[in-house]
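Please build the complete structure, drawing on both the sequences and the hints.
The listed protein sequences correspond, in order, to chains Z and F. Heads up: the first sequence begins at 2 in the numbering used here, then just goes up one per residue. Heads up: the second sequence begins at 2 in the numbering used here, then just goes up one per residue.
Hints listed in this document are in silico derivations from the structure and should not be mistaken for laboratory results. Predicted model only: the values in this text are computed from it and were never measured.
List time: in silico SDA-like cross-link candidates among lysine to any residue, alpha-carbon distance up to 20 angstroms:
1. Lys526/F x Gly570/Z
2. Lys467/F x Glu440/F
3. Lys108/F x Leu522/Z
4. Lys429/Z x Gly269/Z
5. Lys526/Z x Asp73/F
6. Lys108/F x Val463/Z
7. Lys467/Z x His452/Z
8. Lys590/Z x Ala576/F
2 protein chains.
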Amino acid sequence: MRTHFCGLIDESMIGQTVTLCGWADVARDLGGLCFIDLRDHEGIVQVVAEPSAGTAGNAEVIATAAKVGYEDCLRITGTVRRRESVNTRIRTGQVEVVATEIDVLNKAEPLPFHAHENPGEDIRLEYRYLDLRTPEMQRRMRTRTRLVQSLRRWLDARGFQDIETPILTKATPEGARDFLVPARMHPGEFYALPQSPQLFKQILMMAGFDRYYQIARCFRDEALRADRQLEFTQLDIEFAWVEERDVQDTVEAMVREVFREVIDVELGEFPRMTYAEAMRRYGSDKPDLRIEMELVDIADLVKACEFKVFTDWANHEDGRVVALRAPGAASLSRKQIDELGAHAAKYGAKGVAWMKVEDPGKGREGINSPIAKFLDDATLTAIVDATGAQAGDLLLFGAATHSVASDFMGALRLKLGRDLGLVQEGWKPLWVTDFPMFEWDEEASRYVALHHPFTAPAVDDVEDLKANARTAVSRGYDMVLNGNEIGGGSIRIHRSSMQSAVFELLGIGAEEAQAKFGFLLDALKYGAPPHGGIAFGIDRIAALMAGTESIRDVIPFPKTTGGQCLMTGAPSPIADEQLAEVHVAVRPKA
Amino acid sequence: MRTHFCGLIDESMIGQTVTLCGWADVARDLGGLCFIDLRDHEGIVQVVAEPSAGTAGNAEVIATAAKVGYEDCLRITGTVRRRESVNTRIRTGQVEVVATEIDVLNKAEPLPFHAHENPGEDIRLEYRYLDLRTPEMQRRMRTRTRLVQSLRRWLDARGFQDIETPILTKATPEGARDFLVPARMHPGEFYALPQSPQLFKQILMMAGFDRYYQIARCFRDEALRADRQLEFTQLDIEFAWVEERDVQDTVEAMVREVFREVIDVELGEFPRMTYAEAMRRYGSDKPDLRIEMELVDIADLVKACEFKVFTDWANHEDGRVVALRAPGAASLSRKQIDELGAHAAKYGAKGVAWMKVEDPGKGREGINSPIAKFLDDATLTAIVDATGAQAGDLLLFGAATHSVASDFMGALRLKLGRDLGLVQEGWKPLWVTDFPMFEWDEEASRYVALHHPFTAPAVDDVEDLKANARTAVSRGYDMVLNGNEIGGGSIRIHRSSMQSAVFELLGIGAEEAQAKFGFLLDALKYGAPPHGGIAFGIDRIAALMAGTESIRDVIPFPKTTGGQCLMTGAPSPIADEQLAEVHVAVRPKA
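Right under this line is the structure:
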C-alpha cells in the first residue's frame, strides 16, 4: 500500500514519487493551499496540496485535503521536494511531499481527547489505543521490546533453551493467593494460574535441560499496591550443575550487556553486600545506593541514658537504636518533621525522635532537640561524633525491634534522600546475598521462607539446619538496581531429604507436602542435579530503562490498582448458565 | 562445577584433565575396573575407574565407581585418553576419561521405568522429568526451541515489534468456550483467558504499532480431540496498512526461511488455491497435496440414472455426487470396504457405494459393483472415463449435500492415501484463499463466521454484503502444510459501520455488540488503519518438524485429552474457604 515510511523521507529522495500511509497529525487549510502533517510509527512528514499545472489544477486533491481532520487514515502519493521553511524539530524537516493523490482510507470521528493533552490515567486507559499513539508511549513500548529482544539474543547465543511451561496448573497455596480456573471436565476441581514457573523450571533441570529461560507471564491475586499488576512478566532462568557465582556472574554480564545495548549505559562491576550489612547500613534489603546517607547504630551509646525508649531497645536482645543524619535538614519546620514521623509510622514506627545540630562544637548549647534533656553531655557528643553531624544537619532516631527500626529508618532515608535532592544521577546496581533462610511468624507461630521453600540453605546437613533454623542463612541472592529488586534467585534444594526437612520447618506436614509437592519430592529422588537460577522483573526493568516511575507505562494494556481493564471492561459478570457449565456459582453476598 | 560437557569431549583434549557433570547412563563393575557412561545434554562419554600408580592405587575412586547406579548425579575429574575399542555409535567414541575423582552429587533411587522402555504415555507423563531425559525427547524439545528462535530472529530483523497482551481479559462468548477466572476484587465478576490475542492485536494496529508479533499462549475450553490441548501456543502477527498479498508474501518467505534454517528443507513457492477448488478437488479446506488422488464430480453423468441416491443429490441445488479412484484397491475385501464405509460415516456419510474395475476395456463385464445394475452401459463407461480408472482400481462414490459429500469423501481420500501407501515423502505447502464469509447454521437459524467475526468481506460496501451474505467471500486465508492448517489469517474489518453490519448478520444485536465489543467499535471510529495478519500453530509446526504425530511430544508438560496434568495432579479440589475469597462455590451435582 505504500512505498516509504513518513518519518524516513529525506533529502536523498528529492524528486521521487512516493506513496505514504499514515494518520493526519495536523491539517491546515489556507484556502486553496493545504498542509497535512502525515504521521506513521517512524515519524512525521509535511504534505502539501497546492494548485499545479496538472489535471484540473489539482483541484480534487486540494478539495480532499481541505476536508482532512485529525487522525484520519490517509494514503497519499506525491513528489518529494526541498522545503522552503525548514522545520528543525522533525527528522524530515528538510523536505515535504507535494500530493498528487489523497485517498481517505478511514475518516476519524472527533477524538475524546487529543495527543498533547493528558486527560488523566483513567481516560488514557479507557482509550488506550489513542494514548499509545503518542510518541512518548511509542518510545516506551519500543524500549520494552528492545529490552526483551536483547535479553533473548544474549541468552540464545549462550545455549539457554527457551522452554514454555503451563499456565493452567496446580494450586499451591504457599506464597501469594492463586487465581483459580474451574475445570469443566472435572466438576469441583480447579486449575491455578502460576505465580511463577518455579517448580517447572526446577523439574526441567531434573529433566536434563542444562540451561533454561523463559519470558514468562506470572499471576498473583494480591491487593494491588500502587505499582503492581495482577499479571506480570518475568525473565525466568535456571541452570543445572551450578553454584551461586556461576549464576550471578553469568546474569550480571547479561544485565551489563543489555543496559549497554538498549540504553547505552555502562553499569560496571556490581558490588556485593550481605543482607545483614544492607539492613545495618541502609535499613533495606534493596538499598538505593544513589543516596549516600547511612544508618548509624547508637545502641552502645544510649544503653544507660535516661530516654526510656532508647534504653529499652538498646538493652533488648532483638532491639535496635539507629540514628540517621539528614544533611542540611535542620531548617525543616516542626510540621515537616511531624510529616517525617507520620511517614515512618506507616512502616511501624511508634515515634521518631529528632535533633537539630546548630553548632556541633558547642555541645548541648549547639543542639535543639526535645530529647536532649534525657541525654548527658557525653552521650550528646558521642552521638554527634558517631553520625558525623555538621552544623545545619538534622538527626533522626529510631528505636524498636531490629526489623521494625531498620524498616522505618530505611524508609525515612529514602524519603529524605528524595525530599532533600540527595539522589544522585545514574545507575547503582548491587548484589544482596546471605539472606536468612527463615523468618519467624509470630502470629502463625511458625517459620516462613524468606525467599521460597525451595531455596537451599547454606548448610548441607539436614540435622544442622534443624538445630540452627533461626539463624540459618540461605543460598538466595537478589539483584538490586537504584533501590529496586530487579532480580531474585537462589541455589535450590536438590535432595529430597533436605526438601522434606524444610517443608517440616515451615509447618508443612509430610502428608500435605506429598499432596502438594509430591511430584517434586519424587523428582528429587530420581537423579536431580544441583541447580539454581534467578528471575528478573521485566516490567520494572523496562520502566527503569524508559525513565518512567510506573510499570503501567511499559505495559500496553495494564489493569488499574482495582484490577480492571478500563478499555475492555474486564472483569465482567457471566451468565449463570455459563457458570453452570464449569460447575460453579456466584456465592450470595454474606 | 565443570570444565567441559560430556558429549563434547574429543581427540583434541587427549592428555587434558577435565571435570564433567552428568548422569550415570550405564555403569559396569568388572571387579576392580569400572566403566561409567556419563551423560549430559550434549551426549555421552565413557569414564573408566582403574587401578593406577597414584594415591592408594586409586582404590577410593574404584570403590565409589563400583557403587554407582543408574541416573546417579556425578561430578568426575579425570584425564582424557584415546580409547582402545572405539565406539562409533557415540560422538565421543574415540576417547574416554580416566577418573581421578568421583563425587556423587545426588544418589538416585531405582527408577519407575527405564529410558529405553516405553511404559505408555500415562506413565511417561506422570514422570515427565524422566521421559524428557531421553535423547529423542531432548531432540524434539530442541527442535521446538530452534523453531521459535528462528521465527523471532526473522521477525525481529524486519521491524516486527514483540508486544505482550493480557492473559486476564474479558469474556467474549463468540467462538469457543472461555476459561473463567473469578475476580476477588469484584464479587460475581470474572476474567476470561484469551482464545487468541485477536482483538488486542487489532487494537495495537489502531494504536500506531506498524507490525506486531507475539508468541502467545491461547486457551480454549473445548472437548479435547485426540491432539488438542486446553492451552496452546500461537505465533500471532499483525500488520497495519496492508492487503492480502503483503501479509501472505511476507509470512511465506518467513516460513520458507525457517524450514531451511531449522530442518534444512526447501519448501519452494507455495501454490495458491481457492476454498472452492480445494473442496472440489480434495474435499477439504486443508488438502494434503502429498496424496495425488482427487475427487471427481459425476453429478452430470448420473442425473438420470436409476440409482436414487445419485439422482436425488445430482438434481439437488446443494447436492454433490463424487467419485474417488483408489489405485490398485480392487483387491480390498468386502470387510475392508465396509471399514471404509464406517470411516466415512464418522464424517456424515449415510453410505458409500463402490465399484471394482477389473477390466476397463470390457464395459459392464469388467466391473464388479453392487450399484452397476442401476447404471446403464453409457453411464458406466462415462464414470470409468471420468475417473481414469485402470484395471485393479477401486472407485468409491459419495452423494449428499455439497458440504457433507465433500467432507466424507475428503476423509476417505486421506485414509486411502495412508492405507495404500500413497502419501509421498516431503513437504507440500499451499495457500487456501477466498473462503466463504459465512456459513448458515440451520440449528441456530443464523449465519456463523467461517473465520471469525472480524474478518473483512471481499466487498467494501455494507449494503452489498447484506444483500449477498450467503455467497459473500471473505478476505481470509489459510496456510496449509501436508494436510495441516498451520496458519490462518485475514484482512480485518477496519470500519465501524462494516463491523456493525457483520455483527448484525451474525445475529449479534447492537446492544450486545456494544456490551461485548464496544471498545472495538469505538476504536474503529477514531482512525483505524487498514490492517491484517495471521496466526500460526507453533505446537503443530514443531511436531511436523520433529517428525512426530502428536503435539504432546513437543510440549514439555502437556495435558491429557481429559485435561489433566498427570505429573502435578492439576486440576485439583480447592478448600471452600479459598473459594469464598473469590466469591464462588462449587455447584451441587444436578
